[in-house]
Amino acid sequence: MFKKEKLEEIAENEKRWRQTTLPKWLSTRPERKPTFKNTSEFEIKRVYTPLDTADLDYIRDLGFPGEYPFTRGVHATMYRGRLWTMRQFSGFGTAEQTNQRFKFLLKEGETGLSIAFDYPTIMGYDSDHPMARGEVGKCGVAVSSLKDMEVLFDGIPLDKVTTSMTINGPAAMLLAMYIAVGDKQGVPREKLGGTTQNDMLKEFFAQKLCIFPPRPSVKLVTDIIEYCARHLPKWNPISISGYHIREAGANAVQELAFTLYDGITYVESTLERGLKVDDFAPRLSFFFASHNDFFEEIAKFRAARRLWAKIMKERFHAKNPRSLWMRMHVQTSGCTLTAQQPLNNIIRVTLQALAAVLGGTQSLHTNSFDEALALPSELAVRVALRTQQIIAYESGVANTIDPLAGSYYVEALTNEMEEKAMEYIQKIDDMGGIYAAIEKGFFQREIANSAYKYQTEIDSKERILVGVNDYTVEEKEMETIPILKIDPKVEEEQIARLQKLKNERDNHKVKQVLEKLHYMAEKNENLMPTIIEAVKAYATLGEICNVLRAVYGEYRELIII
Amino acid sequence: MSSERKIRVLIAKPGLDSHDRGAKIVARALRDAGMEVIYTGLRQTPEQIVETVLQEDVDVLGLSILSGAHMALFPRIMELMQKKGLTDVLVFAGGIIPDEDVPHIKKMGIKEVFGPGTPLETIIEFVRKNAPRRI
Amino acid sequence: METSATLMQELQQLANNVINGDKRSIARAITLIENNGEKAQRLIALLYPHTGKTHIVGITGPGGSGKSTLIEKIISELRRRGKTVGVVATDPSSPFTGGAFLGDRIRMQKFTTDDDVFIRSMATRNVPGGIAKATREAVMVLDAAGKDVVIVETVGAGQAEVDIIKVAHTVVVVFAPGLGDEIQAIKAGIMEIADIFVVNKADLENANKAVTDIKASLELNTKEKAWKPPVLQTIALTGEGIEQLVNEIFQHKTFLEKGAGISKRRKKVETELVEAIKDKVADLIIEKLRKKKGFNELVEKILNRKIDPYSAATKLVSELTFNQKED
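Protein chains in written order, with our numbering: chain A, 1 to 561; chain B, 1001 to 1135; chain C, 2001 to 2327.
Since the hints were derived computationally from the structure, they do not count as laboratory data.
Keep in mind the model is a prediction, meaning the values are calculated, not measured.
For each residue, glycine too, the CB sits at the ideal point set by N, CA and C.
Worth double-checking, as some hints may not be accurate.
[Said to hold, decoys possible] Here are the simulated DSS-like cross-link-like pairs (lysine-lysine), alpha carbons at most 30 Å apart as the crow flies: (1) B:1084 to B:1107; (2) B:1111 to A:476; (3) B:1083 to B:1006; (4) C:2264 to C:2166; (5) C:2053 to B:1084; (6) C:2023 to B:1111; (7) A:485 to B:1111.
[Said to hold, decoys possible] Partial pick of chain B residues on the chain C-facing surface, computed with a CB cut under 7 Å: (8) 1034; (9) 1051; (10) 1052; (11) 1057.
[What the hints assert, rightly or not] Sample of chain A residues facing chain B (criterion: CB under 8 Å; computed from the structure): (12) 372; (13) 373; (14) 486.
Chain A on its own, in the form it takes in the complex (with noise of 0.2 Å):
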């Protein structure tokens, strides 16, 4: 971006100042460590100059907010037109508690709901199966049935509001639940908007909430892409998702590799399926988290919007404009929080959240301070919202798009996260692309090695955790702070109400459905239609989760320590 000469004069003087005033400097104060380096084991430099973003060219890297390669923003005018939705994950307990929980949010500002359900949910046990015993409804909302979805929505109209539902195994069933949900309040299927998870790549290496094996898995998954393609125009089928990968110990480049990697994969494999690569691309969405390192986030959102722009120019040659978006939701990382001093958390998220603006997200959740200890009190998810509020209307920084554009620093980092990524890409299909990765244990094996790193660094104290590894202070100094707790009752209400529905629906039809699922499922039709006939009736998700059991198989980890 400089002139030739210009570039000299400043490599002349970059020498001058390292041969001259820097020794001074460094001789009587040593600097803090022998390298810098971010969690992608970028060396991190001392001062970035135009020399390091020689190279870069305004139109061809950067360009304009809304215009390929969407390195500052996917909208022409981004936080100026429309804030980035305030989107708190939340659930526990029973549907009424958490619907109430969700006119709490909404009440106090968030503009999303996303539900978090609990794990027998999640890995498509009935609130009364034999391992949902001392679950339910402890980590999320206990959701057995459609049942339990209109008392989760009751007093919430669908056409008022976009729905994030985290859910990956089930994702089909819950889908099919909310869909009925819409029909019951009259709310036209075109309308509803949302998102479901969906994504299971990432269960087999990172959250391992997996039922069936990875190819039944993935069939479901682009079931539901083809399906809302066709009737749902508004809903995201698909969020594919790097914060679990993260959270399992990953850092930034693997994150952003591995999630487009993914991504790669789910167009692939819809398009086996008979659709256009712009039918379903402009739905498609994304899902980060947002770490420590302040810049290195940055970097990192800003490079997964250029690198997945130029993967759907070039690898798949989507000519709609839409198809070439990243849209991403994301999560301050959980992972970084700690129990000790749970008020320093309060700070972590701010920066997490701030990171993530400036990288420019669609959709933001912040995590609420007792993160460590339990699930988030009312008062710690008030505070966590404020966050996102208080960033939004006071700090000035949602005012202009993208502000970091330009700086030495985050261009030559955004660079380096792009170019180290693509080198993972073509490691991976070099390998014989996903499957082969998997099965071979490459995820999990960088995974787990990036994950016990972290920690022996922070056992060594190469990494401060404040609070943890230091400035800490003694137990009884620590601040309390009000927790929540899951009322044991509601394990026994839950189980009294699949009791209830069981007596209450028709049998027979139940039945039927389940017989027409396992032919349509042994038959490779899409399932959805099926699917969303079976909750209608009232079969529980249980049952139907069993039908699939019976026809894909469950599956067991590869493990890689």
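On the provided structure of chain A, position chains B and C as indicated by the hints.
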């Protein structure tokens, strides 16, 4: 066959909790500290865990759980350990376990609970020091 | 300090419990074998008369062959046929830390609550020849406990693994297509002792080529064999070919019980005896020689390059006297 005694450890994930980052890191650290480590993988029932302790005749059992279901699962595990005569096995736990539950958990026979932020060396030392000497 | 009588009583009780199939006792017996030389030997003496009924199947193969999934399916099939099963799964100990990650059990966890399946993981513990002995004895425990089939599992990578697998009656070697180079890389020992070859992941493209490669490799071995190792194809993930594999295993068992098989078994037992003698003799003699005054002097001389280790050994051994009368 052996010269020095090896400590055999089972790291287990009871219930539906799928957060295994910590369990795997602890397994690896104990292995690097010279112990023989078996990891059960995810989603183990109390019956599976205790039977594995029995068949593998481990000296130490580590339970990792972050889902809040520990007060339902730990009692069942410790009850089965008692029933099968495995009371000399050292049992410890880790994960997301509220402070107020710790005294109850210790009463069940679980010797220590390691919360988030525990250095690996602390866990290794604890196991070395407290693993039962048998044979 | 226990008296010999109390010790013998305890061991007899343990042996009886093992024979009755008590799982805790089986587990404790195997631990004893892994750790204690003298007690272990006495226990084996008590258990040995009750062994010889089980069929030992060794399963090995390079990493990535899908061996673990295959074993899981084999166990299912054996259970379907009403057989009780024991499994001894071995994994290498780190030569640096001495620790080990015993990761084979995970694939078989679903059998944990099946009372008729007993699974034990063992680390090689870096004692040369040690794991083969320990594996052999652990198998004896499971044999005495009445298991119809005992599966011994290792990764076919090094000499230790060859030694472990020799413990088996039937050796099954598992490959996956595309691992062509690995056939060369696999220890020659394994190819020679294999009784059954399996090409797993047979749905992959070069499965037929792998089968051809293995058959070609077998042709090179011109020695006439009474049992011609079959080369089977399986898809462990779906269970295809498993029934046939288990049939072949039992065919091989039948073969061993007749004619050429019997002499093979005799040879095996002779080898076991010679190995056991070697161990004893080595321990005995080395203990004696270490105690001699000349030992430390020789070590010094070797350090100072005054004598080489082999001449030193010859010197020491020549000074041994045997008190036995020649037979």
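Item to check | Index of numbered hints that the structure contradicts, given in increasing order | outcome: As far as the earlier hints go, not one is violated by this structure.
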